[in-house]
Amino acid sequence: MALDKPYKDVPGTTIFDADQARIGYHLNQFCMSLMKHENRERWRADERAYLDEWPMTEEQKQAVLDRDYNRCIALGGNVYFLAKIFSTDGLSFQDAVSTMTGMSKEDYVQMMINGGRSPEGNRYLEDWK
Amino acid sequence: MARITAAVTTSHVPAIGAAMDLGKTEEPYWKPLFDGYQESRQWIKDNPPDVVILTFNDHATAFDLNIIPTFAIGCAETFKPADEGWGPRPVPTVHGHPELASHIAQSVIQQDFDLTIINKMDVDHGLTVPLSLLYGQPEEWPVKVIPLAVNVVHYPVPSGRRCLELGKAIRKAVETFDEDLNVHVWGTGGMSHQLQGPRAGLINKEWDNKFLDSLIDDPEGLAEMPHIDYVREAGSEGIELVMWMVARGALNPQVKLRHRFYHVPASNTAVGHLVLEN
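Top to bottom, those sequences are chains A and G.
Per this note's numbering, the very first residue in the first sequence carries number 291; after that it's consecutive.
Per this note's numbering, the very first residue in the second sequence carries number 281; after that it's consecutive.
Hints in this document: simulated from the structure, not taken from any laboratory.
Here the structure is a predicted model, which means the values were calculated and not measured.
Hints should not be assumed to be uniformly reliable.
Straight-line C-alpha distance at most 30 angstroms; calculated DSSO-like pairs for lysine-lysine [what the hints assert, rightly or not]:
1) A:Lys295 x G:Lys490
2) G:Lys485 x G:Lys311
3) A:Lys298 x G:Lys490
4) A:Lys419 x G:Lys485
Ranges of calculated distance between the beta carbons of each label pair, as one might list FRET restraints [claimed, not checked]:
5) G:Asp509 x A:Ala308: 19 to 25 angstroms
6) G:Glu319 x A:Ile403: 20 to 26 angstroms
7) G:Ser439 x A:Gly411: 26 to 32 angstroms
Cβ atoms here follow ideal geometry from the backbone N, Cα and C, with glycine treated the same way.
With the hints as constraints, model all of the structure from the sequences given.
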């Protein structure tokens with residue numbers, strides 16, 4: 291029987307649940323490896339070769355190379371793990387998070403200063419149709 | 281006997297720590313936020329706890345996907361500030377209280393909470409930013425800290441009810457510890473924020489303020505709120521707020537509100553802060 295996942299009905303949002311964590315296990319563990327300085331150096335020297343050391347899917351590898359964070363999340367990534375990639379790139383959370391919204395960084399920062407994204411019209415999948 | 285006298289709840293946004301570490305607290309973007317903690321800094325000077333049980337979550341720092349404890353208590357002598365990818369924060373090493381922590385583990389597990397015992401753990405911004413907000417930038421933290429790590433990253437996370445009941449169990453444990461200690465329980469994380477996907481940047485001031493009202497006056501009612509309400513209304517990372525329930529559960533049903541503060545934004549996040557006394 292399918293488990294109850296009411297959060298599937300929230301637009302623009304992927305909940306990192308046990309199923310997502312299973313799909314993303316190697317992707318997220320690759321991210322964790324970037325916590326070590328020597329690994330960051332090897333990663334910077336040749337990203338593709340470094341990724342090939344991990345049993346990730348080709349789709350996951352390409353999403354990482356493209357820094358397509360929405361795609362990484364769809365493929366089982368979690369933002370706190372993906373943060374190891376964007377930190378290595380020298381990006382803040384705000385820099386990286388803005389790339390997932392389709393807004394420019396400047397517009398995103400301004401939206402936050404203006405009080406953030408309103409929940410109005412952003413609660414249910416139906417709201418975005 | 282040890283006793284719990286107060287709870288502090290606060291957001292633990294990493295950018296707040298960075299603003300302090302880089303000397304930006306007087307900048308127009310940050311000043312209103314730090315002004316909101318001045319009263320609490322004075323209060324904690326006037327009412328210094330011996331030990332803080334600090335409820336926080338690890339952000340893929342000490343725990344990767346190999347081991348994911350729902351509730352973990354730090355029983356070590358010391359906890360080092362973690363290197364989260366840009367070097368450890370320049371803050372003092374955190375000193376624990378192994379005797380009280382072990383006593384709590386023993387008591388709380390006997391009250392049917394399956395705590396994981398951690399004897400070696402580096403602590404990330406989730407734990408150090410709240411200390412910085414309340415204590416500023418001392419050479420040494422003037423308090424012992426027992427880290428209580430709650431999984432709020434990997435769903436399903438514990439319910440608000442479970443967290444409130446854990447707070448009650450911790451109180452029973454503390455009150456059976458023989459040493460005369462003034463103990464605080466802190467709850468950190470939140471408030472509304474979402475760090476992922478096209479809906480990132482969600483902030484819900486109205487919901488956040490109702491949450492603050494209910495945490496103060498109706499924690500039992502608030503404990504019934506399902507996860508989906510947190511996610512839909514306060515964003516996917518707003519779920520961190522269940523950790524505030526641990527702190528609230530450790531206090532009396534009726535509490536005295538000493539300080540309340542709310543501010544938007546800090547980076548991607550709404551910042552909330554309460555000081556409650558028994």
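Distance restraint hint 20 to 26 angstroms, applied to the beta-carbon atoms of G:Glu319 and A:Ile403: holds (24 angstroms)
That 19 to 25 angstroms hint for G:Asp509 and A:Ala308 (C-beta), does it hold up? The hint (19 to 25 angstroms, Cβ to Cβ) holds, given that G:Asp509 and A:Ala308 are roughly 21 angstroms apart.
Is the straight-line distance between the alpha-carbon of A:Lys298 and that of G:Lys490 30 angstroms or less? holds (25 angstroms)
Return holds or violated for the Cβ distance of G:Ser439 and A:Gly411 against the range 26 to 32 angstroms. The hint (26 to 32 angstroms, Cβ to Cβ) holds, given that G:Ser439 and A:Gly411 are roughly 28 angstroms apart.
Below or equal to 30 angstroms on CA atoms is what counts here, so check A:Lys295 against G:Lys490. Answer holds: A:Lys295 to G:Lys490 is near 25 angstroms, not above 30 angstroms.
Next pair to validate is A:Lys419 with G:Lys485; report whether the Cα-Cα distance is within 30 angstroms. Cα-Cα ~25 angstroms, so holds.
Between G:Lys485 and G:Lys311, does the CA-CA distance stay at or below 30 angstroms? Between G:Lys485 and G:Lys311 the Cα gap is close to 20 angstroms, so the pair holds against 30 angstroms.
Hint check: no violations occur; every hint is consistent with the structure.
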